Amino acid sequence: MLGALGVFHSLDVYRLFLDAEQRERGLKRAADAHCQPFIRRITERPGELQAELTDGQGGALMKGAWVDLPKLLAESRAGLVADGSLIEASFDPAELQVTPEGVAWRQVRARGVVYCDGYKSSQRGPFAYLPWQPAKGEALDLTSDAPQSPFVLNREGWALPLGQGRWRAGTNWEWVGLDETPTTPQRDKLVARFRGYFQRPVSVEVTGHLAGVRPCTADNRPFLGTHPEEPRFHVFNGLGPRGTVWAPTLAEEMADYLATGKPLRPDCDLRRFA
Numbered sequence: 001m002l003g004a005l006g007v008f009h010s011l012d013v014y015r016l017f018l019d020a021e022q023r024e025r026g027l028k029r030a031a032d033a034h035c036q037p038f039i040r041r042i043t044e045r046p047g048e049l050q051a052e053l054t055d056g057q058g059g060a061l062m063k064g065a066w067v068d069l070p071k072l073l074a075e076s077r078a079g080l081v082a083d084g085s086l087i088e089a090s091f092d093p094a095e096l097q098v099t100p101e102g103v104a105w106r107q108v109r110a111r112g113v114v115y116c117d118g119y120k121s122s123q124r125g126p127f128a129y130l131p132w133q134p135a136k137g138e139a140l141d142l143t144s145d146a147p148q149s150p151f152v153l154n155r156e157g158w159a160l161p162l163g164q165g166r167w168r169a170g171t172n173w174e175w176v177g178l179d180e181t182p183t184t185p186q187r188d189k190l191v192a193r194f195r196g197y198f199q200r201p202v203s204v205e206v207t208g209h210l211a212g213v214r215p216c217t218a219d220n221r222p223f224l225g226t227h228p229e230e231p232r233f234h235v236f237n238g239l240g241p242r243g244t245v246w247a248p249t250l251a252e253e254m255a256d257y258l259a260t261g262k263p264l265r266p267d268c269d270l271r272r273f274a
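The numbers in the numbering used here rise by one with no breaks, and the one at position 145 of the sequence shown is 145.
Calculated from the structure, these hints are not laboratory results.
This one's a predicted model, so the numbers in the text were calculated from it and none came from an experiment.
Misleading hints may appear alongside valid ones.
Claimed, not checked - With a straight-line cut-off of 20 Å between C-alpha atoms, the simulated EDC-like cross-links for lysine to aspartate or glutamate are:
{"#": "1", "residue 1": "Lys120", "residue 2": "Asp92"}
{"#": "2", "residue 1": "Lys63", "residue 2": "Asp12"}
{"#": "3", "residue 1": "Lys189", "residue 2": "Asp179"}
{"#": "4", "residue 1": "Lys189", "residue 2": "Glu156"}
{"#": "5", "residue 1": "Lys189", "residue 2": "Glu174"}
{"#": "6", "residue 1": "Lys63", "residue 2": "Glu44"}
{"#": "7", "residue 1": "Lys63", "residue 2": "Glu156"}
{"#": "8", "residue 1": "Lys71", "residue 2": "Asp83"}
{"#": "9", "residue 1": "Lys120", "residue 2": "Glu95"}
{"#": "10", "residue 1": "Lys71", "residue 2": "Glu88"}
{"#": "11", "residue 1": "Lys28", "residue 2": "Glu44"}
{"#": "12", "residue 1": "Lys63", "residue 2": "Glu48"}
{"#": "13", "residue 1": "Lys120", "residue 2": "Asp32"}
{"#": "14", "residue 1": "Lys189", "residue 2": "Asp145"}
{"#": "15", "residue 1": "Lys120", "residue 2": "Glu88"}
{"#": "16", "residue 1": "Lys189", "residue 2": "Glu205"}
{"#": "17", "residue 1": "Lys63", "residue 2": "Asp32"}
{"#": "18", "residue 1": "Lys120", "residue 2": "Asp179"}
{"#": "19", "residue 1": "Lys120", "residue 2": "Glu174"}
{"#": "20", "residue 1": "Lys63", "residue 2": "Glu75"}
{"#": "21", "residue 1": "Lys120", "residue 2": "Asp219"}
{"#": "22", "residue 1": "Lys71", "residue 2": "Asp141"}
{"#": "23", "residue 1": "Lys262", "residue 2": "Glu230"}
{"#": "24", "residue 1": "Lys189", "residue 2": "Asp141"}
Given only the sequences and the hints, what does the whole structure look like? Please build it.
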């Protein structure tokens, strides 16, 4: 599906080491048989991959990819609307009614409900009891005269080259003030971090600024399964910052669980908190 939509893009990631200690950890991982399939090389000297970068401690070039989430969501939404499968409305858990046959919400009747409402589940509804640890993050779309990179730059954040001087850069982590409002201090911080990847001064024009809240969890594992006291309430959430990595496989596993009762993987199953 992702290939057909043109939203999946293979692109290596160059992690610029911060210091000698981080470089040492990188060398150890490169020697680990479990990590070797994902690491292309460890650079030995500054500028080995691209002369304009501030990689004084070298770095690790790793296999990677990125997903164009705005396009994926837009295409998915259009498909659901065309099928009559999407109701565009705000959902309040208090409006959900439990019936002898299952659940009811407005004109919808179903055997159960699956909560996939991101960090909002940490603030309301039947799954607020779980050990959530939501974290706000912000990202920028920008244009710059910085030298175009053939890979994603990664150091305390990331910078994704989009071609023709366009970049997307992020992100930060905040555990207070959880809202979806972009802030000037974080914009300035992200711009400074982006400039710090390059040896020469570069121009930066911010063309877009967004903020969101990651549905992170205390043990860094997703929340999947059924409410311990209400068998008609299920959850598929807590994927945190790794939604594009976790979602395809876990969604299939969740569907199998709901349809056939196939057990969920223990490290994601809600029953780990029983």
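Practice task
Given the hint that lysine 71 pairs with aspartate 83, test it: the Cα-Cα distance must not exceed 20 Å.
Solution key: With a Cα-Cα distance of about 18 Å, the restraint between lysine 71 and aspartate 83 holds, given a limit of 20 Å.
Practice task
Assess, step by step, whether the Cα of lysine 120 is no farther than 20 Å from the Cα of glutamate 174, and give holds or violated.
Solution key: Answer holds: lysine 120 to glutamate 174 is near 16 Å, not above 20 Å.
Problem - Satisfaction of hint between aspartate 141 and lysine 189, Cα-Cα up to 20 Å - result: holds, 14 Å
Practice task
Given the hint that lysine 189 pairs with glutamate 205, test it: the Cα-Cα distance must not exceed 20 Å.
Solution key: holds, 14 Å
Exercise for the section: Below or equal to 20 Å on CA atoms is what counts here, so check lysine 120 against glutamate 88. Expected result: Holds: lysine 120 and glutamate 88 sit about 17 Å apart, inside 20 Å.
Handout entry: Restraint check for lysine 63 with aspartate 32, where alpha carbons must lie at most 20 Å apart
Key = This hinted pair holds, its Cα atoms lying about 16 Å apart.
Handout entry: lysine 63 paired with glutamate 44 [C-alpha distance capped at 20 Å]
Key = holds, 18 Å
Exercise for the section: Sort out whether glutamate 48 lies within 20 Å of lysine 63, counting only the CA atoms. Expected result: holds, 17 Å
Exercise for the section: Take a quick look at whether lysine 189 and aspartate 179 sit within 20 Å of each other, Cα to Cα. Expected result: holds, 18 Å
Problem - lysine 120 paired with aspartate 92 [C-alpha distance capped at 20 Å] - result: holds, 10 Å
Practice task
Mind checking the alpha carbons of lysine 189 and glutamate 156 for me, to see if they're no more than 20 Å apart?
Solution key: Given pair lysine 189, glutamate 156 holds - Cα atoms ~11 Å apart, limit 20 Å.
Handout entry: 20 Å limit on alpha-carbon distance, applied to hinted pair lysine 120 and aspartate 219
Key = holds, 18 Å
Violation of the numbered hints given earlier is confined to hints 13 and 20; the remaining hints are satisfied by the structure.
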